[in-house]
Amino acid sequence: MTQSTSQTRHIEAPEVAAYWSERRRYLEQIRKVPEVRQRFWREAGIYLLRRLLWSFGFFPVFIAFWLPFVMASFNPVAMAADLIPLLENFVNANPEVQATTISTLAIAWASIGFFFLVFDFVLTPFRSPYEYEADVYMRSWEQLNHDKLPDKV
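Numbering (the UniProt record's numbering), first residue to last: 1 to 153.
Heads up, some of the hints might be wrong.
Unchecked claim - Across the chosen pairs, the derived CB separations fall in these ranges: (1) Ala81 <-> Ile102: 17 to 27 Å; (2) Ser111 <-> Glu28: 17 to 27 Å; (3) Pro34 <-> Val97: 48 to 58 Å; (4) Ile102 <-> Ala44: 25 to 35 Å; (5) Ala81 <-> Glu35: 55 to 65 Å; (6) Gln38 <-> Val91: 20 to 30 Å.
Source of the hints: derived by calculation from the structure; they are not laboratory data.
Here a beta-carbon is modelled for each residue, glycine too, at the ideal position from N, C-alpha and C.
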């Protein structure tokens with residue numbers, strides 16, 4: 001039994017290696033195509049812009065307005081009644097206190113944005129058009145070479 005198991009593993013290894021060598025060969029080939037390269041840079045830029053806008057635009061704004069709204073028991077009148085004295089104190093404060101308050105808010109905004117940016121990159125990784133093209137090609141390659149490949153490839 002040990003003999004047949006090691007023999008089947010020995011036979012499957014070249015077929016799996018053929019799959020990955022064909023994939024590497026195809027990736028090298030399509031990296032030279034200008035349309036795919038242009039699509040890669042466009043999609044990378046859109047991905048980065050979307051992640052930045054989502055992390056620094058949506059989440060800090062959502063947290064800045066949602067948390068006070070929850071603390072005011074979803075009552076905008078109570079929220080405004082709590083915020084008006086804070087805003088009056090800010091306006092009547094000296095410039096140093098105003099500058100400190102603004103820099104504290106900017107640091108809070110940036111820290112929330114970077115926190116969500118890191119997790120956004122982890123949760124939604126970039127999907128390269130090269131990998132997509134290679135996946136499509138390898139599906140067709142598997143169908144053409146189906147009789148030569150092991151079942152689990």
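Structure-based check of all given hints:
no. : hint                         : in the structure
1   : Ala81 <-> Ile102: 17 to 27 Å : holds (23 Å)
2   : Ser111 <-> Glu28: 17 to 27 Å : violated (42 Å)
3   : Pro34 <-> Val97: 48 to 58 Å  : holds (56 Å)
4   : Ile102 <-> Ala44: 25 to 35 Å : holds (34 Å)
5   : Ala81 <-> Glu35: 55 to 65 Å  : holds (59 Å)
6   : Gln38 <-> Val91: 20 to 30 Å  : violated (51 Å)
Hint violations for this structure: numbers 2, 6, all remaining hints satisfied.
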